[in-house]
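Turn these sequences into a full structure, and let the hints guide you.
Protein chains in written order, with this note's numbering: chain A, 1 to 186; chain B, 187 to 1000.
If you're looking for bench data, these hints aren't it; they were derived computationally from the structure.
Quick caveat, the model's predicted, so the values are computed rather than measured.
No residue lacks a Cβ here, since even glycine has one placed at the ideal position from N, Cα and C.
Just so you know, nobody snuck in bad clues.
With beta-carbon atoms standing in for the labels, derived distance ranges:
#, chain 1, residue 1, chain 2, residue 2, range
1, B, Asp456, A, Val19, 50 to 56 Å
2, A, Val19, B, Asp250, 24 to 30 Å
3, A, Ala18, B, His333, 28 to 34 Å
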Amino acid sequence: MSHSPHSQPPVRPVPAGAVRIACTINGQAREFVAAPMRRLIDVLRDDLGLVGTKEGCGEGECGACSILLDGQPVNSCLIPAIQVQGANLTTIEGLASRDTFNKTVLHPVQQAFLEHGGAQCGICTPGMIVTAAWMVQTGQPAADVPKVLAGNLCRCTGYAHIVTSVQAAVEAGQAAGLTERPAGEA
Amino acid sequence: MSDKTAPGKPHVGSQMIRTDGRDKVLGLTQYVDDEAFSGWHGATVRSPVARGRIRSIRFLEGPDWRQFVIVDARDIPRFAHSIHGADASHGPAEAGQTADVDLNIVKMIVDDQPYLVRDEIRHKHEAVVLLAHPDRDLVRWAATRVHIEVEPLPAVLDYRQQASPAQIQHGKDNIFKAYSLRKGAGEQEDLWQKVLADATHVVSGVYETGAQEQAYIEPQGIVAHVELAPEDEAHGRWPQKPFHVHIRGSMQCPYYVHNAMKHLFNQPDDRIQIVQTATGGGFGGKEDYPSIIAGHAALLSWKARQPVKMIYDRVEDMQSTTKRHPCQTRLTTALDAQGRLLALEAQVLMDGGAYVTLSPVVLSRGTIHAAGPYSIDHVRIDAKVVLSNTAPNGAFRGFGAPQTIFAMERHLDRCAKQVGISPAEIRRQNLIEPGQSLATGQVIREPVALRQWMQQTMDALNYEEKRANYKAFNDQQLRTGGPLRRGVGLATFMHGCGFTGSGEVWLDSIVKVRVASDGVVEVCAANTEMGQGAQTVFTAIAADALGLDTDQIRVIQPDTDQVPNSGPTVASRTSMVVGHLVAKACDDLVRQVEEKGLLTGARLLPSQAPISEQSDGRGRRYAAADLQAALRQLPGLQGWARYQPPPGVIWDDQTYKGVAYGTYGWACYAADVQVDTTTMEVRLLDFVAGQEVGRVLHPLLAAGQIIGGVVQGIGWALWEDVVLDAQGGMANANLTTYVLPTMADVPEIRTLFQEQPYGYGPFGAKGIGELPMDGPAPAVINAVAMALDCDICSIPATPERLLELSMRPEGTSA
Chain A
1 MSHSPHSQPP VRPVPAGAVR IACTINGQAR EFVAAPMRRL IDVLRDDLGL VGTKEGCGEG
61 ECGACSILLD GQPVNSCLIP AIQVQGANLT TIEGLASRDT FNKTVLHPVQ QAFLEHGGAQ
121 CGICTPGMIV TAAWMVQTGQ PAADVPKVLA GNLCRCTGYA HIVTSVQAAV EAGQAAGLTE
181 RPAGEA
Chain B
187 MSDKTAPGKP HVGSQMIRTD GRDKVLGLTQ YVDDEAFSGW HGATVRSPVA RGRIRSIRFL
247 EGPDWRQFVI VDARDIPRFA HSIHGADASH GPAEAGQTAD VDLNIVKMIV DDQPYLVRDE
307 IRHKHEAVVL LAHPDRDLVR WAATRVHIEV EPLPAVLDYR QQASPAQIQH GKDNIFKAYS
367 LRKGAGEQED LWQKVLADAT HVVSGVYETG AQEQAYIEPQ GIVAHVELAP EDEAHGRWPQ
427 KPFHVHIRGS MQCPYYVHNA MKHLFNQPDD RIQIVQTATG GGFGGKEDYP SIIAGHAALL
487 SWKARQPVKM IYDRVEDMQS TTKRHPCQTR LTTALDAQGR LLALEAQVLM DGGAYVTLSP
547 VVLSRGTIHA AGPYSIDHVR IDAKVVLSNT APNGAFRGFG APQTIFAMER HLDRCAKQVG
607 ISPAEIRRQN LIEPGQSLAT GQVIREPVAL RQWMQQTMDA LNYEEKRANY KAFNDQQLRT
667 GGPLRRGVGL ATFMHGCGFT GSGEVWLDSI VKVRVASDGV VEVCAANTEM GQGAQTVFTA
727 IAADALGLDT DQIRVIQPDT DQVPNSGPTV ASRTSMVVGH LVAKACDDLV RQVEEKGLLT
787 GARLLPSQAP ISEQSDGRGR RYAAADLQAA LRQLPGLQGW ARYQPPPGVI WDDQTYKGVA
847 YGTYGWACYA ADVQVDTTTM EVRLLDFVAG QEVGRVLHPL LAAGQIIGGV VQGIGWALWE
907 DVVLDAQGGM ANANLTTYVL PTMADVPEIR TLFQEQPYGY GPFGAKGIGE LPMDGPAPAV
967 INAVAMALDC DICSIPATPE RLLELSMRPE GTSA
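Set out below in structure tokens:
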């Protein structure tokens, strides 16, 4: 068939009904314009350039797109943009910190993954680490690791070294007294 | 990132931090869809039926089609004018002559698969039309607004059925490839019949294994940029002047894509550049398929005059890319009263899918591994792979071996029952010893001690005690109406390392190391990091071969403009074959530095033997500081190594006799399971994976490889079920209904390593990648069969199938 290439280059229009959304991402105030039902993962990756969050399935099954939304792990492929109005988000890019010489300091979970072989191909790693960081922050018991991370699929590792990585980080976090106790617990 | 190894200590065998680890845990690693991109997005319109002739393609209302670039088969010339003359990829055309070649062919083994359907559709979800547009979401939507009208043709939807004349689509019988292997009395019918007649037991069985999706978590993705000569920019016809094709993407084998693009675009080597981006898992699924998506993206880029990115979503990836070959294996064995295997007959039938792709080599490996690591005097194996109208089946870790090994290991347990001995005893009776020969006639020269290694696995699982206890436990459950049953299972097996037979000679792999301007030694190889740790292992090998620290080594990103062809990243060959070449190339570099007289320090190692042949990796010849100082004066210096086969690797492809592999990984796996007969849920209680893999180059990475393979094997055995619809398309093409093992589903997998250094691997290493896929399914299913006291002969053994099986009358198998 004959088709002339791009006779009129299309411009991506601002979709009808787009709204301005303000939220905090990795400690920084961010604003963006998006259709209310635009997937959060597309906002993060395509609009804001936060490509550390990965898309593995697009239906909330693999967990590669896990982020923290107001402190809770969620699949960002299932969250409509409008839902993060005023929310506080943490992505993989927001876990490491900087020391006084401005050098990157790994989050304890990242350090544990590095030492215990928790990352192989690395594509599930951001989602795994974000979810594991939630476990450390909220003081989840180390024994619950397989249950809590069952929503994050990995095809390389067979999980063993991820379990040891997360358990090491959870135990180190507890030993250091760094974890917040879940509300209502003594 | 510095590593944990103290200065001067060998890196091989250490737990050095993986070189790509820091970026991966920070989320900084750039996969193809993460890289900055300015261009258009591609999408694929796929066929709706298993087989048929295209009547019309209609562009439905909705999209403004003037905004799209559209490519179909008619855009690709069938007879191209050869621009650059003779080129190995497309036959005998001389410079200036018209090349009688069809460019719409995915170059692999047989020229049967088009990039885009020409006239006849061969499987559902086959690519028919390509679209490109600046907006990713719009182009994906537009792909759903193209209607392909098809006149259906008779399709083969069950590979086990004999094809009718109207279903023949390949040759005269739909057989893609067949092999025959004969040993001893297998060569002669009368002798064969006598062996069977003299046997105490003759046991037969039919075993089936299903398709399996590789399910790398990063779907297939490619960015293509075709740069045309200015004269060709202006018009839409096929380019007349030489042009460049640049491909970046997720792949295992850059030179496979290179070869495919050379053919598709009728351009010589140096006009095609393939760069592997960080790859989020492959497992065979990114061995040959990337050539297709690269071709699609590049065709769109040519016509759009833009870089084009194509990223599959999960559904498209699962529907259209390759799977593990479904396989049916019929076995008959003759045994004596003690359980010695006298003869084995195997008929292997694999489902190739719609095109040949890699099926001949998958079948080859399945054939050679069918008789297992046993000494059997008389063997007959007939294997064939046939067409069916499903997406082509292709490479998946293990590459045909897991299928036939499942059959043999399951069959052995059934033989043991018939003979009246234990599964362990029948293996003890038959495991091969040095000096005995495999089915191919290959005499085992390495000091294997399979009985001893099997015992270590059994002891680690506490196999014998559990077996006795579980019999009592199951009896007690049965008596009291309890729902639980327990069982233990074994599998003993081997996996050939590297390409089969003379395949490595044919690959003719080359590795280069070069001194960069900062004095760092760069390793240039085409083998890809995809999670298995190739980059880390190459770094450790080069560091030890040179006697430098790892920060003096840089493994460069595979880019066909930069790295020689060291072959594909498949077949458990990267560490063993290519790693050895890395060490040899380092030897070559040091030799040249010595010749230049720049090494002033004392020689630390008196031996002249190349470091690449030392098994302990401790033999540094010069102090690191001396060598480093010399290298800094020699930027641009290169060391090279080319593959040399180990002596005695002689293989006859016609008779299937000879040395199929230079060496093998050997293993015994043991599983411990509990089945709840209310739901037929199988729970793994324990799993031990014991193997001999030569020198372990990196204990943590090696364990990661083994455990990862074991869990894929468990998934294949129990849960992973590719369901086909009425048109042979994958009906459960998503991660919700295609069930992968999760962290909650698997026990701690325990690994045991035996290390017998192999003389032709780097520092004694053998291949390791595929071995762990071979044993888990039979070990687990043997355990489930013991638990349920039933005859399971096909996988996946989903709860539904187990329930159905448990309700069958005794004596029938499934």
